[in-house]
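Residue numbers (our numbering), protein chains in the order written: chain F, 40 to 440; chain Z, 40 to 440.
Don't take each hint at face value.
Since the list gives no way to pick one copy over another, a pair counts as held whenever it fits inside one copy or between any two copies.
[To be verified] Here are the computed lysine to any residue pairs in the SDA-like style, where the Cα-Cα straight-line distance is at most 25 Å:
| # | residue 1 | residue 2 |
| --- | --- | --- |
| 1 | K294 | Y391 |
| 2 | K49 | D163 |
| 3 | K350 | G437 |
| 4 | K139 | K386 |
| 5 | K271 | H76 |
| 6 | K75 | F440 |
| 7 | K270 | N383 |
| 8 | K386 | D259 |
| 9 | K326 | R123 |
| 10 | K324 | T80 |
| 11 | K350 | Y438 |
| 12 | K324 | D167 |
| 13 | K350 | P434 |
| 14 | K47 | K75 |
| 15 | K166 | G48 |
FYI, nobody ran anything at the bench for these hints, they're computed from the structure.
Residues per chain are reported as follows:
Protein chains: 2
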Amino acid sequence: MAMAEKIKGKAVVGQSGGPTMVINQSLVGVVEEARKHPEITGILGARHGVRGIVEGNFLDFGTINQATLDAVAVTPSSALGSSRDKPDAEYCKRIFDNFKKNDVRYFFYIGGNDSADTARIVNDLAKDNKYDLHAFHVPKTIDNDLRVTDHCPGYGSAAKFVASAFMGDDQDNRALPGVKINVVMGRHAGFLTAASVLARTRAGEGPHLIYVPEVDFIEDKFLADVDAIMKKGGRCMIAVSEGVHDAQGNAITAKVASSSERDAHGNIQLSGTGALGDYLSGIIKAKLGVKRVRADTFGYLQRSFAGIYSKVDAAEARMVGRKAVEYSTQGISGCSVVMTRTGNGPKYGVEYSHTDIKNVARETKSLPREFINAEGNNILDSYKDYVLPLVDTLPTIGYLF
Amino acid sequence: MAMAEKIKGKAVVGQSGGPTMVINQSLVGVVEEARKHPEITGILGARHGVRGIVEGNFLDFGTINQATLDAVAVTPSSALGSSRDKPDAEYCKRIFDNFKKNDVRYFFYIGGNDSADTARIVNDLAKDNKYDLHAFHVPKTIDNDLRVTDHCPGYGSAAKFVASAFMGDDQDNRALPGVKINVVMGRHAGFLTAASVLARTRAGEGPHLIYVPEVDFIEDKFLADVDAIMKKGGRCMIAVSEGVHDAQGNAITAKVASSSERDAHGNIQLSGTGALGDYLSGIIKAKLGVKRVRADTFGYLQRSFAGIYSKVDAAEARMVGRKAVEYSTQGISGCSVVMTRTGNGPKYGVEYSHTDIKNVARETKSLPREFINAEGNNILDSYKDYVLPLVDTLPTIGYLF
């Protein structure tokens, strides 16, 4: 991080990558805090992330009143529009050129590790050109895979959705027994799939099996796992990360989906298709002879459902936006906002700080092995201690039996 | 309906068919009301519907306290377990024999039109055998396709889920434009898919196209519809009933799913697979050349999600359970509980009554044509007047543009 003199100029704020239930909280946090600082002479919202910057497609937040901000804050998805563009050096040069042209001195980019990398490159370009710019990364991702920070804004709300879905669906599976597979988002990190463990409100209930990308997914082992659970209790509720892969690292979805679409980051499309769930259903029916097998893929609902969010997550998402502005106006740049957990359970709380953006950019974090059972097919109850404070409240489940 | 003398004996209550968010409200309504009537000497819960009756698998509600009932009432899915069995004459005879053996004089069966038919046959058997039995059908279905009643308990909560999902997902589609297809439950009736219209909170927003089973689904027309919307606004949000079929009446899913599983009613499996959405995605990519096309299938979440329900729906579901007991203890049998809307909008309310079960059994109701646009690819805003009071509240959406 570089310390610099306070300097007057405009701020640009943008949203990037997959939306979340609370990414607009961070946006509103940036705007509200920026309005308090006279050195920020105007706030421009980049429409569709970096693409809006290079195309000069901005929303002037000077035209947006507080009532609209309040409504946008509780609306899921990225109100400015998002982008999947992965800027290379030349693209970042165009971003920087636009900033210079428009006298932009503050840049707040809300996103995951790729967005952090973009902010890092632009910040470095400014330094090389001796142009005073305060570029800040504002963390968000339902994947919860950013480094340094204890957890990521967006994760708690998505985890709440996943847990609530499993809580209800496990009752559905009890009522009409069989095998039920639910595919949860998560390409490389199993945090979101692991949150399904919150639905296991008493011993013996589902999810009975949980598969995350941190462990190789071996089909024969999977079938043996399902068979054992079915023989024991006559029903089986399964959580599977969309990113599960074989021992060679090949995503199962890539093997079974008809589409082989790749995004700008070279990643094969995993979401927005039911192929993985249908494939796993098929092999269970064919090889285990189970009659009732169903698969659902939670898809975009888990990141953009209207009306479900964690209040804790929403408040933290707002605060990381505010903190990015606060730190920037203190002369800090080239950093990402960090949350450190100061207590857990009823004493849950976080402290905010910042870290050099290079500690967050590009690389990701995996679900620690200590939360996965030895066999690699379940999540331990100890994970609940980590995730429960982040989801705020959960529904309760009543049982007659 | 037959009027009979009050008679002392046990009550059996069961739940059937697909679970809903509020079917346990009806169960608790039956139990709470039954406890008030001295002529009901005991309350037995049939585990897994009619199957529990013929197998003598009962829960004695005498062992269940009020705190458990309160917890179960707000829990989604069928707490007694459900069944997909479709009893024939011989099966109904076994139900009746069990009732005689156990001195069962009251039978409350919570379910859809098939369950109504089961209650009807058992009621007729009792009459033929001059055995005093008060069989009552308690309506529930997220499909909203029961006759006579204005709407069905379970529908409002599922409609709330579908509307909330579309509200959020339409924001997701605005942020990352492309074609998004969401497949909604509904084999023959489009009521639930039609509820997606509630998400269109201002002109031009999604869903832009809504396909229900009441209109033939013609692929070329579908592709032309999507193409036109994409050319106009660069994005397209689509709602499709899982039951859409071609001009010959063949379900599209049946043509494209690898599974051809049929249930006891001879219906092909439509839910618990992403096949229809993936197929429609595929033809849009292939024939329209749209790059970003995604499909999600809401699946079991829309009937069993924990924590989302309409308070209006929950209260009505509780009341239809109560009313069935109340009418039965007045000597009425062989009926189904009916709701009649007494006012709409802010004056929304219902009156409860009953109708001969044969008016509800077997047959279903379709979404009235007046709510579908002339072209057959959308739902008119007038449908909002019908469905909005049933979903209680909805999230609000804020826009920056």
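Numbers of the earlier hints that this structure fails to satisfy, in rising order: 1, 4, 5, 7, 8, 10, 12
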